[in-house]
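Novice: Sequence:
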Amino acid sequence: MSTEIEPGRIPRITRQFRLQWEEAQGCHVLLYPEGMVKLNGPAGEILKRCDGERSIDGIVADLETQFAEAPNLRDDVYTFLSTAHDNQWIQFDA
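Per the numbering used here, residue 630 is the first one in the sequence shown, and the count goes up by one each step.
By construction, these hints were calculated from the structure, which means they are not laboratory data.
Hints are not guaranteed to be accurate.
[Unchecked claim] Straight-line distance between alpha carbons at most 20 Å, and here's what the computed SDA-like set of lysine to any residue pairs gives:
| hint | residue 1 | residue 2 |
| --- | --- | --- |
| 1 | Lys-667 | Asn-716 |
| 2 | Lys-677 | Arg-641 |
| 3 | Lys-677 | Thr-694 |
[As the list claims (entries may be wrong)] Label pairs and their calculated CB-CB ranges:
| hint | residue 1 | residue 2 | range |
| --- | --- | --- | --- |
| 4 | Asp-680 | Glu-651 | 28 to 36 Å |
| 5 | Glu-663 | Arg-703 | 16 to 24 Å |
| 6 | Glu-663 | Asp-686 | 28 to 36 Å |
| 7 | Ser-711 | Gln-649 | 17 to 25 Å |
| 8 | Asp-722 | Ala-690 | 12 to 20 Å |
| 9 | Gln-645 | Asn-669 | 18 to 26 Å |
In this text the structure is predicted, and so the values were computed from the model without any measurement.
Think of the CB as a built atom: it goes at the ideal place given N, C-alpha and C, for glycine as much as any other residue.
Generate coordinates for the entire structure from the input sequences, incorporating the hints supplied.
Specialist: Below is the structure:
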């Protein structure tokens with residue numbers, strides 16, 4: 630099931646997950662009662678910004694500023710957020 634991502638929506642990490650930097654793994658992880666999801670660098674950067682305050686377009690703008698050399702960030706962010714929503718890692722507040 631793919632979720633339609635709208636620019637003004639505000640994502641946040643769902644309650645059963647907790648995002649944190651895991652020194653032993655050398656990456657961000659999503660912790661949940663049954664285990665852990667190890668995230669690659671871009672996924673961690675996107676989820677760090679899913680704070681319930683920034684819109685999806687705000688997240689994209691922030692990432693484009695920080696990673697100006699990376700092409701097509703918007704498409705990658707939208708694709709990842711759709712997957713994250715389908716996996717119930719995030720929810721949308723607006």
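Novice: With reference to the structure, classify each hint as holding or not holding.
Specialist: These are the hints, each one checked on the structure:
For the given pair, Lys-667 sits about 14 Å from Asn-716 by alpha-carbon distance, which is consistent with the 20 Å threshold. Between Lys-677 and Arg-641, the direct Cα distance comes to roughly 9 Å. Compliance with the 20 Å bound is thereby established for this hinted pair. The suggested pairing of Lys-677 with Thr-694 holds, with an alpha-carbon distance near 15 Å, which does not exceed 20 Å. With their beta carbons about 19 Å apart, Asp-680 and Glu-651 fall outside the hinted range of 28 to 36 Å.
Distance hint check for Glu-663 and Arg-703: the Cβ-Cβ separation is about 33 Å, which falls outside the suggested range of 16 to 24 Å. The supplied range of 28 to 36 Å is met by Glu-663 and Asp-686, whose beta-carbon atoms lie about 33 Å from each other. Our hint of 17 to 25 Å for Ser-711 and Gln-649 holds, since their Cβ atoms are close to 23 Å apart. The hinted range of 12 to 20 Å is satisfied by Asp-722 and Ala-690, whose Cβ atoms lie roughly 18 Å apart.
Taking the beta carbon of each, Gln-645 and Asn-669 are about 21 Å apart, inside 18 to 26 Å as hinted.
The structure is inconsistent with the numbered hints 4 and 5, although it conforms to all the rest.
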